[in-house]
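Chemist: Going down the list, the sequences are from chains A, B, C and D. If you read the first sequence in the numbering used here, its first letter stands for residue 1, the second for the next number, and so on. If you read the second sequence in the numbering used here, its first letter stands for residue 1, the second for the next number, and so on. If you read the third sequence in the numbering used here, its first letter stands for residue 1, the second for the next number, and so on. If you read the fourth sequence in the numbering used here, its first letter stands for residue 1, the second for the next number, and so on.
The hints are simulated quantities; they were obtained by calculation from the structure and are not laboratory data. This one's a predicted model, so the numbers in the text were calculated from it and none came from an experiment. Just so you know, not all the hints are guaranteed correct.
Each pair may be met inside one copy or between any two copies, as identical chains are not told apart.
Below are the PhoX-like pairs computed for lysine-lysine, each with C-alpha atoms no more than 25 Å apart in a straight line [unchecked claim]: (1) K361 <-> K322; (2) K49 <-> K322; (3) K213 <-> K270; (4) K213 <-> K143.
Here's the letter readout for the chains.
4 protein chains.
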Amino acid sequence: MAGSSFGNIFRLTTWGESHGEALGVVVDGCPAGLTLDVSDIQAYLNRRKPGQTKISTPRKESDAVEILSGIFEGRTTGTPISMLVRNTSQHSADYSEIANYYRPGHADYTFDAKYGFRDYRGGGRSSGRETIGRVAAGAVAAKLLREFGIELIAYTKSIGPVVIDMNKFDRQAITETPTCMPDTSASVRAESYLADCMRSYDSAGGVVECIIKGVPAGLGDPVFEKLDANLSKALMSIGAVKAVEIGDGIDAAAHHGSENNDSFCMENGKVTKTSNHAGGILGGISDGSDIILRAHIKPTPSIFSSQKTVNKQGEDIEISIKGRHDPVIVPRAVVVVESMAAITLADALLSNAGAKLEYLKKIYDR
Amino acid sequence: MAGSSFGNIFRLTTWGESHGEALGVVVDGCPAGLTLDVSDIQAYLNRRKPGQTKISTPRKESDAVEILSGIFEGRTTGTPISMLVRNTSQHSADYSEIANYYRPGHADYTFDAKYGFRDYRGGGRSSGRETIGRVAAGAVAAKLLREFGIELIAYTKSIGPVVIDMNKFDRQAITETPTCMPDTSASVRAESYLADCMRSYDSAGGVVECIIKGVPAGLGDPVFEKLDANLSKALMSIGAVKAVEIGDGIDAAAHHGSENNDSFCMENGKVTKTSNHAGGILGGISDGSDIILRAHIKPTPSIFSSQKTVNKQGEDIEISIKGRHDPVIVPRAVVVVESMAAITLADALLSNAGAKLEYLKKIYDR
Amino acid sequence: MAGSSFGNIFRLTTWGESHGEALGVVVDGCPAGLTLDVSDIQAYLNRRKPGQTKISTPRKESDAVEILSGIFEGRTTGTPISMLVRNTSQHSADYSEIANYYRPGHADYTFDAKYGFRDYRGGGRSSGRETIGRVAAGAVAAKLLREFGIELIAYTKSIGPVVIDMNKFDRQAITETPTCMPDTSASVRAESYLADCMRSYDSAGGVVECIIKGVPAGLGDPVFEKLDANLSKALMSIGAVKAVEIGDGIDAAAHHGSENNDSFCMENGKVTKTSNHAGGILGGISDGSDIILRAHIKPTPSIFSSQKTVNKQGEDIEISIKGRHDPVIVPRAVVVVESMAAITLADALLSNAGAKLEYLKKIYDR
Amino acid sequence: MAGSSFGNIFRLTTWGESHGEALGVVVDGCPAGLTLDVSDIQAYLNRRKPGQTKISTPRKESDAVEILSGIFEGRTTGTPISMLVRNTSQHSADYSEIANYYRPGHADYTFDAKYGFRDYRGGGRSSGRETIGRVAAGAVAAKLLREFGIELIAYTKSIGPVVIDMNKFDRQAITETPTCMPDTSASVRAESYLADCMRSYDSAGGVVECIIKGVPAGLGDPVFEKLDANLSKALMSIGAVKAVEIGDGIDAAAHHGSENNDSFCMENGKVTKTSNHAGGILGGISDGSDIILRAHIKPTPSIFSSQKTVNKQGEDIEISIKGRHDPVIVPRAVVVVESMAAITLADALLSNAGAKLEYLKKIYDR
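One chain only, chain A, in its complex shape (with noise of 0.2 Å):
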């Protein structure tokens, strides 16, 4: 089945191994006009590179972007945009035991099940590896977001039972601590907490929680295309998340509707709500508050203690996993979870351009 592509509008199509020549992605149906360079691009990649901490894999990366087409003159031209890194730092070697077993927790078992053999070199197809793709297509979106006045802010809320406090967030700290929590001293409480699973050969798990602010009320669609719908398809569709929520979430189901309704009122003219339980959407649409979600993030499975599994032979084996692993996937997966984030409302906004009559009048005024 044709997987790789999301959205339907604005839509990307991602490709590529961990251990492949190189991975990419097009973005089709990027509106023309948008300014956008190299720069743009890198810039985001650069957050999702390993390597950068002493919490991260020390593998070397340098993920250098290549655009190879859709750009003309520093501008989108409304045809496809395909970007392409290369893998440089490949060594396929340290993956060959894999190759004959299955790890806990990974999708070597499920691929051989679903196509009958894998590339195994580091994961292939379902390597973190994959995400880059997401990322570069996630840059696209975000610049075109933010010609709307609309943008995002992705962090780490909590990793183990290390969570960040709100009053005490700090929008720079975001990318500045290797957490990429936005309060400094969780931070460093997480990192000593990342220390110790390392120590004792595990690893962790956290939430990734990221605001959308400026979302014009309208966006999204009633049914099956409920933007909160797409919102976790996106994210649930990132390796290794394991729940996702909406405003309130899985905390609204335990109170009374007295409590999670949010009152309308008037402000400057404008409707708008007096609290925000409902994380900016209303039956699929955006209300005009923030949009809030969180991506429930599992352990990394790589970890270096001994675990149980079975090896293709059909054999109950004991293994130790090798290789470079980070202890925690959670600080690299801000960056994906804001591109999908941004990719999904993308879409929404353009999807909705057909909605009402008046808006294509708007466009074919002749």
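Got chain A sorted already, so can you dock chains B, C and D onto it with the hints?
Modeler: Below, chains B, C and D alone, put in the same frame as chain A:
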């Protein structure tokens, strides 16, 4: 935007408003040769009917389904199955008042923001009655899945603070308790809790869980069409769902890799797992274990106590909602969750038929 | 496969069999705010009704359409428009015989090859009655296009050897002649030709031409979603169409570049062309000239003279088809061609709304 | 709009401009396990290369393809196959002049009308080089089809007034004549005709025919996804194609039903037809006979004689096109037609896997 369809190969398109002539669904892509009749569909629709217990709205809707196409001599023909339910219990007058203001927690405001106006009668397209089409299609999907030994069990996991005890799991209780809980004593406590809610003109939320048994390993796709991503979209597209979990879900993010990883082992010559924290999906592809998912549902937004809001003239007002409303949506959402999960699985089952050359050779063996 | 939908943004899904309960269509993605009522639809459906002249089957079908959703207070709401026509003139007994053999030129054999069995009554899903849904949707599309000054004129260009004289073009004659020819004298000759066909128990084919006026330059896409590619699919998806031409079509291939190229020139300050060999489309995108297309339609396969074929038992047999059949499909196909062209244009109009940043800025001007 | 993808299950996405960095394609949905290497692709691309004969442009393009993903140990893995061709023979200066005016018969004007500006170098996205992605994907599709005994043969049927004689059909001549005609004497006449065209600074059109052998009965869908509808779109989406025919095509419309109907008969215990006017498709579904289609291609619009047009300043001007242009596109379009037909068939083959319960039972036999 054409947002009323779901699924790629097994695809449904729903239509209809709460107080329009009728609601319905077209199921396209169902394989030919499946035994199917109106009773298969009606049995599912009866599970979502209101007016059945004291904790649901006293509206009486017969919701009798008519199959208009796609079946011949008791079997599906491979062409679209069109199904329709006439609206018979319309009291549009009840809703005339809401034409002029925006109910908190509802989609009134966002519909107006998107489309410029709305069919306000009973919530129009954003009414819970929109799920009639989903459930009718879900009945078809579930029947198809049973041909392959796949079975779905959905139930209420919690209502407000009342959570079922899985040790007391009684499958029969799901259809016998008014709460759709598989634990009769929890159900009694939940009913009492809901009675309190109603007395204080308030409402409650809760959680629906769905277990899917008998899924072969290999369904789903590794990137955007991950089985969990599609299940997540499927569930989040149901009105009032605010969070979705797969397997351990939110809990997974708080544990170590050594705790969260499921070991593989051999059992009767087949690969299986010693635990199921993953909820039956690894890397977006089913692993042969039970698939487990949860939808967190917000409290009914229609409450009888007084609320602040604005009207279409842009004035702050105070309202008090009248009409017939369930104090909790959860029990009626159980069959909707089950239906959406069944539809997603049926689509994955069909999509997987082209995954490898070996499958196609079995089909086209000449 | 889910093959009963057409269009990306303006999308229809048809359903129904010739002798089933009903036939219908769901139109999803129509913008909100379009004035629409049942008479708009019925007017189109009446143009495809049989039993109106001596050159069409004497079946009397009222084909009264019912709109079930998507309209409120006389305007489209942006949600799916579901429309239905009940089958009332079913004589299934007429068709019992064909259950057992394969009619030449029909889809009986291919349906059995694909699905294993078929609803043989009146051709089931492959009946010309399937076009009811297309025409109902086409009426919506045409109404939408008129809002933007786009108008479609389809007519019979030829029947058998009788071709209209474009110098005698009389638009009113299209709806007044039984042949739907815009040339009354050609129509008389065609009727006489068809009378001969019927006397010899035979049938005829012909050509439908469609001209689309008022299309702004810029609709369509440069690669796979070329406007002519989609129009071509739209027309070829109508049963019995065997060839499609755009502009000069087949003639273009026999001419020199110097003859076929249309020169651009300025007219009243606007870019236009001095000729229109291209038929209004260059590189897949409308150029502002009239769009011109032709569908070539095979002779009715149901003929009363004796034919050789095989039955389901694999025996060579000789048959002679009974029942009520048009000696030519062409006149009734005129409104179907017009409808499919309208649907394709409506989809292109909506799709184009996201083509450039400038358009989106007009919509989202805050 | 995201218009650079084609196919539902077997889906390609092309990208790239004539004078950009590179052109390429992502093929998603190809089943795992197909033996494939770079020579399979290069063999197809070599067939569309220019500069090979005196009747084609003297541009020398190596068009060496690189496979970047989706293959492991010589077989497809089921994940996207990304392929790329670097542009090496760019003379952008040749095209600087056309930045300012609209060439007759080209998409310059319509691109500006749609997107506001365009990459004018060598036609940008509307260049014939865009077909590189189609041909690379077509090579994959053709290799897949061969696994099922399906074979495609495309060739030049006519150039200007020179038509091949099917009685002299010599398959080897297709790749040996510069015209890609399977009739060497016709080819000589066509070359002479083209030499005349070139002398008079003019160009010619022609017809490509494609025969598909070994297609099992049952591929395609009965309504919008008819096999002939999709083939029609596939062919009409190739730049310069102005008409498409299936089987007898245009001729069918001029004959009687008794002449056009193909009788069924038994042959070696199998259902077959005594003739093939239908071109192998009945009711949108393959009938087991050869599929026959024709694409009518307009004369090359780039001619060296003087032409009238307008410039971007809205002035009437006279131009004379320079550069390197083929006097006829037809021979180089042969492999493009074959590729698009192969892609459409591969998609139909995969789509059909879910047509009936019986097929799925063969796959999921547990």
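Chemist: A separate judgement is required for each hint: does it hold in the structure or not?
Modeler: Status of the hints after comparison with the structure:
no., hint, in the structure
1, K361 <-> K322, "neither (61 Å within a copy, 39 Å between copies)"
2, K49 <-> K322, "within (20 Å within a copy, 48 Å between copies)"
3, K213 <-> K270, "within (16 Å within a copy, 42 Å between copies)"
4, K213 <-> K143, "within (14 Å within a copy, 38 Å between copies)"
Hint violations for this structure: number 1 only, all remaining hints satisfied.
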